[in-house]
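A.B. asks: Note that the protein sequences, when read in sequence, are chains V and H. Its first residue numbered 65, the first sequence is counted upward by one per residue in our numbering. Its first residue numbered 50, the second sequence is counted upward by one per residue in our numbering.
Hints are computed from structural coordinates only; laboratory data are not their basis. Don't be surprised by glycine CBs; every beta carbon is placed ideally from N, CA and C. One should not assume that every hint holds.
Stated by the list, open to error - Covered stretches of chain V (chain H as the covering partner; in silico rule of three or more C-beta atoms under 8 Å from a C-beta of chain H): (1) 97 to 105; (2) 421 to 428.
Said to hold, decoys possible - Label pairs and their calculated CB-CB ranges: (3) V/Asp492 - H/Glu106: 17 to 27 Å; (4) V/Val116 - H/Ser237: 50 to 60 Å; (5) V/Ala361 - H/Asn196: 18 to 28 Å; (6) V/Val469 - H/Gly169: 55 to 65 Å; (7) V/Gln317 - H/Glu106: 47 to 57 Å; (8) V/Tyr193 - H/Leu134: 52 to 62 Å; (9) H/Thr278 - V/Asn218: 23 to 33 Å; (10) V/Asp132 - H/Asn196: 30 to 40 Å; (11) V/Glu446 - H/Gly266: 34 to 44 Å; (12) V/Asp75 - H/Asp166: 55 to 65 Å; (13) H/Glu106 - V/Gly135: 21 to 31 Å.
Chain by chain, the residues:
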Amino acid sequence: MTMRHTDPRKDDFDYGSYAPDATNPKAFYGLPEEVRFCSRCVISNQRPNSTVEHKHKADSKKTTIRLDEDGVCDACRTAEQKQEIDWDERRRELQALCDKYRSRNGSYDCLVPGSGGKDSFYQSWMLKYEFGMNPLTTTWAPHVYTDWGWRNFNRWIHSGFDNYLLTPNGRVKRLITRLAVENLFHPFQPFIFGQKSLAPKLAARFDIPLIFYGENEAEYGNPIADNASAQRDYAYFTTSDDSEIFLGGTSIQSLREDYGVREADLEVYRPSNPEELRAKGIEVHYLGYYLKWHPQAAYYFAVENGGFEASPERTPGTYSKYNSIDDRIDDLHYYTTYIKFGIGRATYDASQEVRSGDIEREEGVALIRRYDGEFPERFADELMQYLSLPEAEFPEASRLFEAPVMDRAYFDALARRFRSPHLWTYSDGGWKLRRTVFARN
Amino acid sequence: MSVRLIARLDIKMSNLIKGVQMEGWRKMGDPADRARKYYAEGADELLYMDVVASLYERNNLVDIVRDVATDAFVPMTVGGGIDSLEAAKALLDVGADKVAVNTAATKRPSLLNEISDTYGSQALVLSVEAKALPSGGWTAMTDNGRNHTGRDVLAWVEEAATRGVGEFLITSIDRDGVGRGADLDLVSAVTDAVDVPVIAAGGLASAEHVREAVARGVSAVAIAKALHTDALSLIDLRQELARTGTSVRPFAMEEAPGV
Chain V
65 MTMRHTDPRK DDFDYGSYAP DATNPKAFYG LPEEVRFCSR CVISNQRPNS
115 TVEHKHKADS KKTTIRLDED GVCDACRTAE QKQEIDWDER RRELQALCDK
165 YRSRNGSYDC LVPGSGGKDS FYQSWMLKYE FGMNPLTTTW APHVYTDWGW
215 RNFNRWIHSG FDNYLLTPNG RVKRLITRLA VENLFHPFQP FIFGQKSLAP
265 KLAARFDIPL IFYGENEAEY GNPIADNASA QRDYAYFTTS DDSEIFLGGT
315 SIQSLREDYG VREADLEVYR PSNPEELRAK GIEVHYLGYY LKWHPQAAYY
365 FAVENGGFEA SPERTPGTYS KYNSIDDRID DLHYYTTYIK FGIGRATYDA
415 SQEVRSGDIE REEGVALIRR YDGEFPERFA DELMQYLSLP EAEFPEASRL
465 FEAPVMDRAY FDALARRFRS PHLWTYSDGG WKLRRTVFAR N
Chain H
50 MSVRLIARLD IKMSNLIKGV QMEGWRKMGD PADRARKYYA EGADELLYMD
100 VVASLYERNN LVDIVRDVAT DAFVPMTVGG GIDSLEAAKA LLDVGADKVA
150 VNTAATKRPS LLNEISDTYG SQALVLSVEA KALPSGGWTA MTDNGRNHTG
200 RDVLAWVEEA ATRGVGEFLI TSIDRDGVGR GADLDLVSAV TDAVDVPVIA
250 AGGLASAEHV REAVARGVSA VAIAKALHTD ALSLIDLRQE LARTGTSVRP
300 FAMEEAPGV
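Okay, chain V solo, but in the shape it has when bound (with noise of 0.2 Å):
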């Protein structure tokens, strides 16, 4: 019987497509062939779209972001869009929102989801003490807080919010991340399931109306058309039809039957169902349409009015401090972004500043040439630890590994098959990029 899961550090590994000068090398993924950058920012055209998660397999093909005749990101142009929207007019839209849900009853009116990051003092104080509304905040715990970021939830919290924190069963959050890493080279996968579907589905349970995410995803590069509603499409976090959902790429049947995880294991994985919600008139807005978001001032303001510290060192990967600093599994996620899409953390975070105005291009190009890519090496150990599947812990799972416990030397064989040909060389015993924005080769 072969192994489902073989042991990638004994692949008969092709080299070949990824020599220096290999003829029109492979794109993985459904990415563009040709490697470009946006004219403004440093993103590259292999930036994915959003995906809806829970479909997301090994085959699945990605959408990019767009990069117009003059070579300038969607991104960017929704920053440019920014500058023309009549703010004055959005925040009287949230006004009357607001007005009309408000609660006078004593009752939750809206639901703030939020991590205890910078941009969740702002949603949740905005809403709150700027907006009259009485929000209930929730929380989809990180795969491993780390110590900042559980100091900075903690005083979110008391610096006036009630909050539902749900930590998942962290033996299945494990066994789903190990094999969203396997099939997908995805590690913060899991964790976007309860971030999208845990809110919609806590406001089914308590008869919350409203509910408030920070920034559109458009801010990041999605189809500007989605940047035009002020509502999430019920796509990113519902579905009826159970044959659908793939959690780490793999069914759920099959995580029941094979994998040996409970039914009601899965639940807190499980996409809210769409019924419910409209029937319930539950909407999803993002506040990010209403108010003019800025990353830099959410951090600020965060600081200002709950104490929030800076992380306190730069994250792996980047020059950043302020910026999606509570999850430990943050550093390898952009690490496999990088290896799968030749985009790390610093290219993300200096995307953002220079269309925040925060750097200019120079600098961005800079930071990325210095930062990006970098292994982070400072959670390793224990990233290592949270990855393998033991099988005094996973008694079925771990049978169809080859390898159950994940180390070093697995993880980088494992990047191995994720590397697109069309955007990496291997020569001289090292991977290098193609193409690089620092390079303009």
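For chain V, the structure is supplied; the task is to place chain H on it using the hints.
C.D. replies: Chain H only, in chain V's frame:
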């Protein structure tokens, strides 16, 4: 001894910038204009830090130092990316009175001896970015609180003091840009550890904050954000300190020559 009031200017290429906890830099204006303003308002010294020197692997402040040195006649300290005698000389030659060193010295401490032996201790400032540890104590960092050096702040200043450092600039990363006063435990620990003048930086935004730091033994304070945002003026600060019994250099606006 009068406490020296130092205007600190963190500079990124052509912009004066300022962050919070050394993060999230905002553009705050033209650095030369602000430097002249602080000089005219009686700054005892000016301190320039090139915050992208290590990113671009060069100090980019030669032009601005030369420019401001022609009409601001107070001591100027310049830091950022100084990794050799030559780099120090380039800045001293255009009018800097002292250079502030951080990253290169943490990697190669003998650089401190080289600079002090060549230009004298009075020309050498060790800049320390101090991050408080949850377990107590402080760790020394570089690149505006981004990278670790693995050095304990107190052990580092003690070592550096033996290598001819004339002055320590101690910036609390946690307090930087927050405006709620200096990390007084840090200030005390450093002034207790070394017998060399100490400049307190990070979080000072009022006369009260300066008094607290002086009580812990500092010789000088470096103020940035409160000045850049005009929340505090050096004239008012000096008057308030004098009025409440903290010794400061007497100054009247017309005393700043060349303005």
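A.B. asks: Could you run down the list of hints and mark each one as holding or not?
C.D. replies: Structure-based check of all given hints:
Remark: the segment 97 to 105 of chain V is not confirmed as covered by chain H, as 0 of its residues place a Cβ nearer than 8 Å to a Cβ of that chain, below the required three. Proximity of the segment 421 to 428 of chain V to chain H, defined as three or more residues with a beta carbon under 8 Å from a beta carbon of that chain, is established by the 4 residues found. The hint said 17 to 27 Å for the Cβ distance between aspartate 492 of chain V and glutamate 106 of chain H, and at roughly 25 Å that hint holds. Between valine 116 of chain V and serine 237 of chain H the beta carbons are some 56 Å apart, a value that agrees with the proposed interval 50 to 60 Å.
At roughly 26 Å, the beta carbons of alanine 361 of chain V and asparagine 196 of chain H sit within the given window of 18 to 28 Å. Against the hinted window of 55 to 65 Å, the Cβ-Cβ separation of valine 469 of chain V and glycine 169 of chain H comes to about 59 Å, which satisfies the hint. The given range of 47 to 57 Å is respected by glutamine 317 of chain V and glutamate 106 of chain H, whose C-beta atoms sit roughly 56 Å from each other. For the pair tyrosine 193 of chain V and leucine 134 of chain H, the beta carbons lie near 55 Å from each other, so the given range of 52 to 62 Å is met.
Taking 23 to 33 Å as the suggested C-beta distance range, the pair threonine 278 of chain H and asparagine 218 of chain V conforms, at roughly 30 Å. Taking the beta carbon of each, aspartate 132 of chain V and asparagine 196 of chain H are about 38 Å apart, inside 30 to 40 Å as hinted. Evaluation of the 34 to 44 Å hint for glutamate 446 of chain V and glycine 266 of chain H yields a pass: the beta carbon distance comes to about 41 Å. Against the hinted window of 55 to 65 Å, the Cβ-Cβ separation of aspartate 75 of chain V and aspartate 166 of chain H comes to about 58 Å, which satisfies the hint.
The hint said 21 to 31 Å for the Cβ distance between glutamate 106 of chain H and glycine 135 of chain V, and at roughly 29 Å that hint holds.
Checked against the numbered hints given earlier, this structure breaks only hint 1.
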